[in-house]
Structures are given as C-alpha cells and as structure tokens.
Amino acid sequence: MNTSQTDALLDVRNLKVEVTTKAGSFFPVNDHSFSVKSGETLGIVGESGSGKSMTAMSLMRLLPKHAAKIRGGSVKLDGRELLTLSEKEMRKVRGADISMILQDPQTSLNPAFTVGDQIKEALKLHAPGGRKTLRERTIDALRRVKVAAPEHRVNSYPGEMSGGMRQRVVGAIAISCRPKVIIADEPTTSLDVTVQAQYLRLLKELQDETGMAILFITHDFGIVANLCHRVIVMYAGRIVESGPVAKIFAKPAHPYTEALISAVPSLHGQKERLTTIPGQPPAPTDIVVGCPFAPRCQYADARCHSEAPPTVAADQSGDHTTSCWRAVEA
Amino acid sequence: MAEVQISAQRPRRSLWQRSRDFPILPLAVLLIVFIIPAFFAHWIALHDPYVPNLRARLQPPIFFGGTWEYPLGTDRLGRDIYSRIVHGAWYVLAVSFIGILVGVVVGTTLGLIAGYVRGWFDGFVMRLVDISLALPAMLLALALAAAMGASFLSVVIVVGFALWAYFARQVRAEVLLLRNADFVARSRVAGSSHFRILFRHILPNVTNTIVVLATLQVGIAIMLDASLSFLGIGIPRPTPTWGLLVSDGRDFIATDWWIAFFPGLAIMLTVLSVNMIGDWLRDTLDPRLRQV
Amino acid sequence: MTETPILEARNLSKHFTISAGVMTKRTHVVRAVDGLNFDIAKGETLALVGESGCGKTTTTRLLLRLQDPTHGSVRFAGEDVHALKGAALRKYRSRVQAVFQDPWSSINPRVRIRDFVAEPLVVNENLTSGEVDRRVHEALDAVGLGPAHASKFPHEFSGGQRQRIAIASAMVSRPELVVLDEPVSGLDVSIRSQIINLLKDMQAEYGVSFLLVAHDLATTRYLADRVAVMYLGSIVEMGKTDDVFDRPSHPYTEALISAALPSTPGMKRNEIVLGGEVPSPLSPPSGCTFHPRCHRIIGDVCVSKTPVLSPDPAGHCVGCHLY
Amino acid sequence: QSTVVVAVSPLGADSNLYWTTTGAFILPSLQTLVGQDPETGKYDNSQLAESWEHNEDFSSWTFRLHPEAKFNDDWGPVTSADVVHSFNLHIGDDAKLSGISQFREISVGAVDDHTVQFDLPAPDPNFLFSHAGRGSLAIYSKAQFDAEGIEGYEAAPAGSGPFRYEGRETGQSITFSTIADHWTGASPEFDEIQFRWVSEPSTRMAMLSAGEAHAVTLPRDLQDDAAEAGETVLASSEGAMQTTMLFTGQFMNPEAEENRDARSYAWADVRVREAMNRALDRDAILEALYGEGVRTLPVYTMDPRFPGYSEEIAARFDEAYGYDPERAMELLEEAGYPDNFENPKIPLVVTSLAGNPEFAQMAELVQAYFDIAGIQTEMREQDWATGNTAIRGFSADFVTPMRNAPVRPSALGVQIFFTSQASPHLDVGDPELNKLGADLVSETDPETRDAMLDQMFTRIFDSYAHLPMATVPASVVVNSDLVEGWTFPGTTSSGLSHFELIDLK
Amino acid sequence: MLRYLLQRGASSLFALLIITVIVFSLSQLSGSPVDALLPDDATQEQIDIFIREWGLDQPLWKQYLTFLGNAVQGDFGVSLKWPGESAMGFVLDRMPATLRLGGLAILITLIIALPLGIAAAVYKGSAIDRIAQGFALLGQSMPNFWLGIVLIWIFSVWLGWLPTSGIGSFAHLILPAIAIAWFQISALARLTRSAMLEVLDAEYIKLARVKGVSEWAVVFKHALRNAAVVPLTYFGILAASILTGSVVIESVYSYPGMGWVAIEAIRGRDFPVVQAVIIAYAVIYMLSNLLVDLLYVIVNPRIKHG
Ligand SMILES: Nc1ncnc2c1ncn2[C@@H]1O[C@H](COP(=O)(O)OP(=O)(O)OP(=O)(O)O)[C@@H](O)[C@H]1O
Ligand SMILES: Nc1ncnc2c1ncn2[C@@H]1O[C@H](COP(=O)(O)OP(=O)(O)OP(=O)(O)O)[C@@H](O)[C@H]1O
Ligand SMILES: [Mg+2]
Ligand SMILES: [Mg+2]
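Chains as they are written, first to last, in the working numbering: chain A, 1 to 330; chain B, 1 to 292; chain C, 1 to 323; chain D, 1 to 505; chain E, 1 to 306.
For the record, the hints were derived by calculation from the structure and aren't laboratory data. On a predicted model such as this, the values are computed, not experimentally measured, just so you know. Yeah, the Cβ is synthetic: ideal placement off N, Cα and C, and Gly gets one too. Just so you know, not all the hints are guaranteed correct.
[Stated by the list, open to error] Just some of the chain A residues that point at chain E, by a computed CB distance under 8 Å:
{"no.": "1", "residue": "86"}
{"no.": "2", "residue": "92"}
{"no.": "3", "residue": "126"}
[Unchecked claim] For lysine-lysine, the following DSS-like pairs were computed, each having C-alpha atoms within a straight-line distance of at most 30 Å:
{"no.": "4", "chain 1": "A", "residue 1": "22", "chain 2": "E", "residue 2": "62"}
{"no.": "5", "chain 1": "C", "residue 1": "42", "chain 2": "A", "residue 2": "251"}
{"no.": "6", "chain 1": "A", "residue 1": "69", "chain 2": "E", "residue 2": "221"}
{"no.": "7", "chain 1": "A", "residue 1": "247", "chain 2": "C", "residue 2": "268"}
{"no.": "8", "chain 1": "A", "residue 1": "180", "chain 2": "E", "residue 2": "124"}
{"no.": "9", "chain 1": "E", "residue 1": "62", "chain 2": "A", "residue 2": "65"}
{"no.": "10", "chain 1": "A", "residue 1": "92", "chain 2": "E", "residue 2": "221"}
{"no.": "11", "chain 1": "C", "residue 1": "268", "chain 2": "A", "residue 2": "146"}
{"no.": "12", "chain 1": "A", "residue 1": "271", "chain 2": "C", "residue 2": "305"}
{"no.": "13", "chain 1": "A", "residue 1": "124", "chain 2": "A", "residue 2": "65"}
{"no.": "14", "chain 1": "C", "residue 1": "152", "chain 2": "A", "residue 2": "22"}
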C-alpha cells in the first residue's frame, strides 16, 4: 500500500460517505484511500452504482445535500485538508485548483446562457479581469479545446452545438483556470468512437501542457488501457484492486477484475466464447457480510462469504493492492 | 446512457414499500369528515337535516353556550348544522366524483387520441382545450344556470367542463412521449393494432397521471361547487351541500359564526386531506407530475 | 452463408422534411437514409456500424415497417414488405422481431412479463392460452429465466434480466429475422457479455438471422458475419466482418477502426485523425459525402462525383473513387 | 361637509331616464305629482301637485301645480308643459315602466300654465297610485330638454326635489347634494347623500359596522344581528310589501282550452289547496322569516289602507286557514292522496338568483311543514324570466313565492294576480273572478266597487286560491352613532323615500 | 418569430370564433329576454314590438350571423340593464378596474409565491419548506368568498384599516386583491418549488457549483432562468383564474369590474352585456397567452434558435 506518498498531489485517506434514503442507509464510498501525482492519470473503473461518482463528488464536496454525508477520512490537495475548509474557502478551491468534467454533455451546459458566458463565469470567479481580457481568455479557452472559429462560437447557445463540441466546451470550462486536478466522470460515454478518440487525445495534450492530474472515471477498459497510468477498481462501494495499469491487465489480482477484463470482446483477438460473470451486483442497501463479490465469484469459499477480506499487496512492489482472501493466502 | 443508469440505480419501489410514508392523518380526517358521513349519514346524523325547529333557532355550538343536542349549533331555521354537514357530504362526494369522472372520461379520451394520431385532430383538440381554459368556468356556470336552471346536472357539467381540459392536456403530453417509447415500437413490430397499442400499452401508462390529477382536482371541484352555491347557482335547495351551507351562513360570519364556520371547516379539511393524499400519490406514482 | 437472401433492401431511402425553425416557412430535407442496398441471408448476422445520426436506426425502422420508405423497397422472403396487408402482414409481423437498446423503455412497465413476452403470439396467431403459456415458458427458459418470473412486473428486474426478457419476447414467435438495435450498449460490462453469449446461442439454436446495429466495434466484430459501414445515410463499405476489420478499404472505415481503443494496454495503434466536424445530414457535402474529412482524397472527382458501391469478387463492396 | 351614505342592493337598472327602468327607484332629485305622508302613507300635496280633482266616473283627472315649484339649477318654474313633456317621454317606445301600458291610452293636456288634465280611457279610481306609490311619472324639465336634449338628462337631469343630482358611478353609486332653500321648505341636515349599490348583505352590514354607511338595507336575520350589535332598525310606518305563494296554471278552470295540463295539478282540487294552507303554521313561519310584529295576510293584495278591505274575511282567517295538520291530512285523504302524497311532487320555486333572500327560506320552511302533512315537494331553482316564460306559455306547474311591492290598491292587485284583466297570464282561470274583474274596470260607484271587491276576495279566500303569507313593512338599519331617526312610509317600489327626513345625530 | 406569433394569433382567433358560437347558443337556451326585460304586466303589443326590435323572430342562423357581424365590430348592442350604455362599451368601461385589481393580485401572487417557492426548493425539507407547503395547502382549501368576507371583518370592521368595499383609492384594491391572490399564491408557490427542484437536480447546476459559483448565483442565475419557464407557462392559466376569481370576489367587495358586470348582467338577463363580457374575458385570456408565448422566446433562447 502506497502510504504517505510525499509527492502525491491529491491524497485521499479512508474516505467514507454515507447515503441515507427511505429504504435505508449505506456506504457507497467505503474506506477509500488513493492518491494521484501531478501529470498522472488515475483510472477509476467499476460497475454502475459502485460509487464512482459519489467518490468524485465527495472530493469536490458537492454531495447531494440531504442524502449524502462524508463520514470520515481526509482529502488533501497539495497537503491542504479540503474536508475542513469552510464552504466559502472551498468555493475558491473548486474550479481553480480542482475541477470536474461531468458525464453528460447534453445536459451539463446551461441551455439558457451562451457558452461564452458560461466559460467567462468560471474565469471571472477565479481570475478576475476586464471585459476585454475576459473575452479574450474565453476565446482562448475555446481555442485550447480545439473548437473551430471560437470567436463566433462564444455567442452560441449549447443547443446549437453538436455533442462532441459541447463536451469540449465542458472541458474548456474545467481547464479554464488551469486546475491542478481534473476529475473526469465518464466524459466520453455518450460520444461517437471517432469523437471520443479526438477528445481523449485532447485531454492528453492538455495534461502534457499543464501537468495536471486527471482522475478518470469510466467503465470502459479500453480507455483505462490507453489513457491511464494507474487504476483503481471498485465494486459495491469498495476499492477491490488498485495498481499500475500494465500490471493489472497483465496479472489481475482480484477475481472481479479478472472477469471484467476477459468479459470484453476484443477487437482483434480470437472469437472464443466470452467469459461471463454470473448474477448481479448487490443492491446498495443489501447487507453484505464477507466479500461483496463472493456470490458471483468462481473461487469463493466459506470464508469469503463470512468475513470481509483486508486490503493487501498483490506483489512485492507495493504499488499493486487488492482485497481478496486469495491474495492474502498467496 | 445516463438515463439508463439513473433508473438502473433507483429501481421502482413498489407501492407497498412506499406505503410506509402514507399520510395516515389526512386519510383519517377524510374518513371522518367525508367518506363515512357520505355513506352513513342516516345513522350518524342527530337530526333530520331538512326539518326546521323554529324553537331552536341559532343555537350556538357546544362549548360556546350550546348543548349536546346540537353539537355544532343550529342555523336560522333551527336545523342542526352537524346533521346538515353530515348529509351534505354525500352530495359533495357525488358532485366531485361524477364531475371529475366526466372530466376524466372526456379529457382522457380526447387527449389519448389527439396525442396518438396527431395531425389536424390534435390541433382541433388543443384548440378546444384553449377555448375551455379561456372561458372562465364560473361564467360558463352562470350562463348555463341561466340557460337551463341550476341543478345537480348543471353543476356536474360545469365541474366536468372546468376540468376536462387539464386531463386532455396532460394526457396528450404524456402520450406524445409514450408513443415514441421503445415498447410501443416493439409492440407494433409484434403486430399490435393501433387500438391495442392505445388501450393496452399507452392507457395503462397514463392511468397514474389520471389518478393523481383526479385526486388533486377533487379540491378544485369542491371549491367550484361551493362558489356556485355562493352565486346561487349550485345544487338547488334544500340539499345541504357544503357550499350552500357556507354561503347561507356567510352573512353571519361576524355574529352567528358557526353557521358558516363548520361547513367551511369541513370543506377545508376535506380539500386539505385530499390534496395531501394526492401529493403523496403523485410523489409515489408519478414524480413527473410534480408540476401539476 | 451465401444462400438465397431472406431479406433484400433495394435503393432504400428515407427523407424527412423538417421545418427550418419557428420563424420561417422554409423546410429542409434530411436524407436520413439514402439508397441502401443490402441482403441478409438466412442464419446470418449483418451489422450496421457508423457514427451517431448516420441512419442506422432509421434503416431498422424501415425494415420493421414502423416507417415507410421515400424510395426503394424491402423484400422479405420475396415479398415487398411495405405492400403487405392483412394475413400476410400478420405473418410478416411474427417472422420479424426486434430488440431495442434501452432495456428500461422497451418493456411496458404496466404489463406482466408473461403478457409482454406473449404479445407477438397473441396478436398474430390463434393459440389457446395454454399453448401461449407453454411457448412463453419455453422462451423464458431459453434466455435463462425461470417460469416463476412470468407473473412479475418489469420493475422487479435488473437491466440485464430485462434485456433477456426482451430477447425472449423477440424469439417467442420463432422469427426468421430479429433486428437488434444496440442490444448491449445500455448494459454494464459484466452483464454485457452474458447477453452477447445469449444472442450467439440463440442464433445457433434457431438459425435466426440478425440485423445488428452497434456502436461498439468489438461487439460487432464478435457477433456479426458481415458488416455494413454507414456514413451520412449511405453504406460506404460492406463485407465479411474479418475482411472489413482487418483490411478496411474505405478511408472512413479505416478511420473508424483506428479510433477504437484496444482493450489491452501498450498496444500500438495508428490512429487516423479525422478533420472537421461530422457534417449535418441537412446539407450533405457534394460528391462523396466523406470528402471534406477524408485523408486520402484524390481530387476533384471526390467533390463532384458520388461514388458507387461496387463489389469485388469476394463480395466485399466499397464506395470510394480509390477503388 | 357631511355626506349621508345609504347602501342598498343593486337596482334592476341603472339610469337617469326613469322611464327606461322598470321603476324600482326614483331619483330623489326628481318629483312626482302626488306625495305621500311619511307617517300614514296617505296621498298629500307635498310633491308637485298642490291639489287635484276628478270627474264623477274617475276618468278625467285634473292637477294644479304648486305655483312656486321650480327646477333646480335655474331651469325655471315647473309648468304644465313640463308635465306633458315628461308624460310623452314616459309613454315612448323605450319605456319599460311597470304599469305603463295603462298610460299609453291616456291623453294629457295643459289647461293652463299650472293645470294639467289627464283623460283616461276607462274609469280609474286608483289613478293617484300611479303618481305616488308606484310613481310612474317623474317630472323632468322641458327647458333642459330643449336646451340640451336627452343627453342633458343622461348627464345630469334637473329636478325639482330637495336634492340636486351630482353624478353617478355606474353600477356603484349615485350622489346628490342638498338644496339649501328648497321651494317646499324642506332642508335636510346634511350636504350630500350618496346611494351605494352593494350586492352582498354581509358587506353592507360590514359597511354599517365600520361606519362607512349611515343606513343599509339588510335581510331580516341580519337586522336582528345588527340590532344586537347596537344598531337601530327602522321600520316603515306602513306595510310596504305583501308576500304569498301562488299556484300557477289556471287551476280553477281545468276545462280551459289553453290549460291543457291543469287536470294533472294536484292543486286543481280545492281540498288539496285547503290542505296545503292548513299545513302551514303561519305564526311560526312568519316569526322565523320576519320576526315579531308582522301581520298575517288574509288575502294577498287585500290591504286595510285601500278600499275593498273586508273585516269579515280577516276575522274568519284563523278558522279557515289556521294551522291544522290533522285536518290537512284528512283533506288529502278525501282528495285521493291517502298516505304520503307521493306523486306528483310539487315543485316549489326558489329564486335566489334574482336576489330575494327570504324566498329561499320561505320555500324551505313551507316545504318542511308540507312534509309533516305528507305533501311531497321539491325545490326548483328558477329565475323570474324562466318562470314567466312558463306561465305565459301555460306550461307552469309550480308553486311560486310572489310579492306585491309596493302594496297596490286592492282593486289593482287583485286584477293583476288573480284575473285575466291586467295580466293575461297570471290569472287563476276562474270565470267568476274574471267576470267580476271585467265589470270592476268600468264600475265607478264606490260602494258597488267595494261590494264587488268583497265578492272577489271572498271567492279567492273561500276557494283557497293561494297561500297568503304576510304584510311586511320596509325596513332599514341605521348606524345608531350617526343617525337619530328617519320616517318613511314604505309605500314606494324600493320601500325607501323621504330622504330629506333623515335625522342625523 | 413573427410567424410563430401570427400562427398563435390565428389559432386564438379560431378559438374566439367557437366561443362566439357558444356564447350565442347559451343566450338561445335560456328563458326569453322578453320575460326578463319587460315588466310582468306588459301587453302583447309591447311584447311584439320588443320581439321585432331584438330580431327574435328571425331564424337562428340569421340571428347568429347578425350577432357575429356586429360582434366583429365590437357591437353587441346596447345594454338592457344599464340603459344608454353600449354593451361592449360598458364592459370596456369596467375593464380597467378589473385589470387594476387583477394586476395587483398577480403582483401580490408573484411577490409572495416566487420567493416562497424558491426558498422552499432551496431549503427543501427545512422549516421554510414545511411552512410554505402548509401555507400552499391551506390556500388551496379555503373558499375564496369566505376568505373575502373574513378579511372584510378583520381589516375593515374590527381593525378599521381598510374600506369594506367599493372602488376608488388604492386602499380599496388591497383586500379584494389579497382574496383573489390567496389561492394563486399557493398554486404558484407549489409549481415554482417543483420546477426549481427539478432544475436544481440538473447536471448544469452541478457544473456551476463545480466552477465555484456561489450558492446565490446558482439559484438565482442558473436555476431560476431555466425554472422560470414553468411558472411562465402557468401565467396564462393564472390570468384566467384571476379573472374567474374576480367574478366572485368583485361581487363580495361590490367592486364594479368585469366580474361584477358579468354577474349583474346575468342576473338581469342583460344578454348583450353577458355576451360582451364573456368575449372580453376570452380576449384577455388569449392576449395574456400570446404574451406568455412572447416571454417564452425571451426567457428561453432555445426557441428562438429553433
Ligand atoms: N442523490 C442520491 N440519493 C441517494 N442515493 C444515491 C444518490 N446518488 C447516488 N446514490 C447511490 O449511491 C450509489 C453510488 O452511486 P454513484 O453515482 O457513485 O455510482 P457510479 O459508480 O457513479 O455509477 P454510474 O457508473 O452509473 O455513474 C448508488 O447505489 C446510487 O444509487
Ligand atoms: N422522424 C424524424 N424526423 C426528422 N429527422 C429524423 C427523424 N428520425 C431521424 N431523423 C434524422 O435522421 C438521421 C438519422 O437518424 P438515425 O436515428 O437513423 O441515426 P442513428 O444512426 O440511429 O444514430 P444513433 O447512433 O445516434 O442512434 C438523423 O440526422 C436524425 O436527426
Ligand atoms: Mg456516475
Ligand atoms: Mg440509433
């Protein structure tokens, strides 16, 4: 386990989020610890509902007000604790130091304002300037995300743009104040293959240019394989495995990761029958004893069903961890 | 994709699961002031609601100098207010129920067809909706009463007329969405006729809307009935509809306040409870309707 | 796989007229589908791939007779689909079925699973209710759901289970062709493979033909026998899956396949970067519609002349002036 | 400057041209020929006519005008020319006045500057009623007409009364100022009087309580409440109104050609009519409706103030009409309705739409008493017009409340409500009454007339031709902090008059 | 834009045409004006003159066409109850009074309902929300004439702050406006609350927060601009219900506006005025809906761009 990494830009320790609903309360983020360095891309993969977005929103401290509460842990950005900041201080951090690209380009822009206004608003909040300079910086931000004819596009409404273009505008808002960390929550799910490729390339270029860290949330292993340096795999609110991408693809330590990787048909390989994971993930409010993946795991034994596995190193290097009894035994 | 996941994460809870937050108190109130009186008036009334007792005129309610014989006091002709309210419940129930039924049947049918076939018929129905919204119900009621005389029927027609357009509009809007739903396409692929699609697939999906809307309209119907009585064009005397009771007692608000107060309270409690239950139904069955 | 085709689309076109805005009376014509020609053989899977808005869904809707074509025809077992009436139409309805993308909206939430699955039987065939039940249970069984589920309502099922139910309903009338419009893209990875396997099994067991529309190229490759690549309403390349994926001929196909991310890290790929925006079908470019973004443009001919889709001896068709 | 505010319910029509209204409210700035004593309601010369006389058979009437009478605003003295001019306006095509049809046959001429003579087509001993109680003729200034035309009247009609027309807000109010040195010597204690039309009684009551109004008209029950709250209820010195319930249809002559359905009316049988009368506890009903001190009415339209009043009938009232439910049931049984008069139900008309608040209650009370005797009724909410249409079309089948306000001379009333003479549709179809009615019109000998009227009332009384109710004074509630008193006879259509006599504190 | 409004205008005109048919046939259904307008003792001759004058002897369709032809020119004949006044002229005369009253009622509604609804949405589940919802429910369950009378007694009679009835000063408007607004406040507050809740859930609100935008700006700039469409749509209905409310309330407060005219005219069988007043109501409703359409385009730039 990579404890107390001194060079970590964003360091999350034992983060716990509780959600309370009428059906009961549960922890969609359960004791999460991870960190990212500058210039690094950390992938977060996991099934729908596994708590990826919750993790992201708790880092921004923008959890749904009544439903969810942070129940412990620490989030340090550049050594500064974010969880204890006042709301006002936190507002200064948002957008400026840590920013976010949301999932759906169709709905994440306000339809009532021009895209120029929406970019300008972010700039004005964190780097005020005169009308003219603001406008120039707005156009510049659009240019950086490769929007054609940015001088004209600033006056467009989101409704007049294509999905790919809108997602680039969302990107422009996120990077406009040159944040240190960007959280991208499935930014390409609804985009076409070709557009997606363009967008990912753009993100990479921007990262090279600014040295920002990216937390990339996705459930597409293709993206992880091509974009990320390290990855954490989540299942039912827990981190079940984390480590460098190459290692995890080469030798997944958790049965869930293993199954997930082999369940994806390959574009070029053989057409053998796909591996499947039987069953369904547990409902969030289900009370889980033992390993949450045990009911679907082909290796599960009695202990897996009765006792939750600890997080252990999967190999000697210490940068690859997993929580599985098999790894403990090994 | 986003949508899919949202629904994937929040599977529908069954009605039973949601019944935990059912508003018990409003239901109890409704039963006590509305439903039970409506059906069992003869058993629970203390006096004949129609027979004046000229010796017991204007008795105040109990605790205000009255007696248990007339717990809510008596009116100008010495009739027991409590018994009149209890008997009136039936008519209020009947007017709102039948009036809304008229509105539901007319509005839903037109809305369903308009939304499904689109084209000129849709345009025509929407114009009718405009027209009915443009003609204040109260004026129509007045004109109708002048034309055919006030009667139970005319009140029901007015209530139905005032409400159908809301059903038509809402149902149509929903049908417009539903007709493009995949399950409708699937059903057509399977070979279903338009009739079957409309009534087997689309109608069941708007019933929640209709039920919720109907519940929320009960209040409006009762209020309309009361206003009609106020203008002297409600259900004719001596039927003790609540609206008539309030409106008969309105002149005495400053002195013999109980004549109008208790029927008014009955209206208020009923409408309040119905609305609360309607709100709950809406939140439970059909959150899309939040804007109704 | 080169038997007589069960379905033939000839010069199939669908143009939509839309008004240009609330302010003007002008209208535009959207050529959503423009002059498609393709066949589907018995037991074969043909995949349609292409960018969003290129007309894939519209094509399926034409085949399913949910819309009428502007030009051209669809023949199923030799008969013009859009001219069918009465009993012949009912027959067609039971022989061609569909599965849609969204498992949440493709099942009527107010109908029991049994009734949903049984619908193609109930409306097209005269069966006793016992017979219907038997067939429904059979179909549910085939997709791995027990008969106990028949009396439940859709909201009691997960996305993956719903998609199984949708497949059961599509298969219950033993159709000869099933149109699959993005059948797995709404599902999580771990569930997705279950459905893909199921579809393969079904085809193997019943010999049904599939018309598959898919976003995900890997899935397409895994499921399809032949692929048709669409761009702005037209097919630009069509051929055996392996041929198209391993040796793409049309520049657009090349770009498309190169853009797909390999699922293992460290794999090299020569990504072809497409310039410009996806053009709007409202005003498609002249000549070859792909020419403004093409990296292998050869000259004026691309701008002025519409290429034709010409097959090579192996049946691989490409619509490009290069060939 | 002091303004007296009087709030009443809205009038049937809102106009300065009196003849275009049906005649409910005469502007207090205008005068009629004949006045009435505020205490006794007797005709007097307090208005424009100083004296009058008629020929032997009541067919020619001569009025002498007060020579000192003059119009306000310097429109000159009131002369015969003004009377003739006004009369011609009143019988024009746009005239809607109640009773104006009789006027149309009259010829009027100026004898001299201050004498006018009316020549009637038939004798009319009650001619003065048209000039006082009913007030069919209001005197406008010819000089103003000649100078300003009808527009002048519409803007501000000059009158000769103790008030000057100041202006109106249509539908809302009308204001008059007082004339300082009026030719009659009347001098109101206030500078202005404003009438407000307010339809909600509770709002009027609120106005009174809030001190916004000096005097308001209120329904009976609210009068009690107002009295309890310390306000003063002033009743008119004379009966202002009679109420009754009438059977419709020409039930006394079921054979009549146009009366096709009369046979099916239960009340075509005199026993049923008696039973219905016997079923009513009038004392209780009237107490509930009008409070104490209201007189029962032996025969509708018969009034002690007018010729034709019969002491004998009044004396027999209790015996013949007294409350006796047992007798009522016996009668019903005899008439063939042994138990519980099932069908047909008798429709009782309520007309709350037209704003007669006590009619609804009257109907409800009557229904309750009928019910005790086993007479089934149902309420029918119906306005006057619909009722009149039915009566005119001989399709009326209901019992309807009716009022006679102001109380007409007996001869006039009985004609209107019971014979075919004055109103072809309201009569009860009794050949005998119709004949007497026809004879009465040409009869001029007072004694014979008295006898004939007596005969008619006896006939009506004995055949239980209606359900008579009460003679009721007009009343007004005044704010006891502001108003000391006010005497008015209650003999006009609106009940109110003699505003100059309002006595402020 | 213009075309869009023209289109809406044309369909409104069509609706108006239908309304004229309804209005006309209503007057045909009811008892004859003869009995309403002539005294009980009118002679046959008087009746005949009347029938000829009013064209009551013509065939129905002819009567309708005459009616329509005149109606188009704003001529509904002369009032019967207010002699000397032209029917439409009389209604138009009263219209400013009603518009003033309705305008104030709308203003009160907006001033109270919008902040209340917004606050309830922003502080969902808090005390404010519960109070707002309680208030909303209460507002929807009290008969407005009853409220009107209670207000008179409290504020005019007992407290003596405001006049009981009538027209004139601004003070005269306050009570009736409140009585009319009461129900609308609850309806609009509920609506605003739910629209705001919907919008506050949207992704772009999240994005605004991610940018570090203050809560105030999130609510009033980002959310309200989008949520405003819903209350705006309601505006047309609001206008109609305020007009309807004015019928009863104007009667309670003896406020001589259009609603008062409507009732008095119907009671007095003044058909020309009844017809004029209904048409006038309909026109106001249609116009307010056109206004809403116009505002739509302003609030919601998406429409402008097709
Ligand atoms: N506002 C909320 N109220 C209650 N529960 C919520 C809320 N938002 C999310 N949840 C629950 O929290 C859990 C984690 O949700 P989260 O959105 O983090 O999943 P995710 O991994 O991002 O899924 P996806 O891939 O679908 O975006 C889920 O079970 C979800 O149902
Ligand atoms: N009913 C319609 N009216 C007007 N245009 C339409 C209609 N249906 C589809 N189109 C247009 O036709 C084109 C093709 O649409 P289609 O839905 O077939 O694309 P698709 O390939 O299925 O896209 P996706 O991958 O996003 O589902 C699009 O530009 C679309 O906007
Ligand atoms: Mg998420
Ligand atoms: Mg599609």
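- Item | Contradicted hints - numbers only | Those not satisfied are hints 1, 4, 5, 8, 9, 12.
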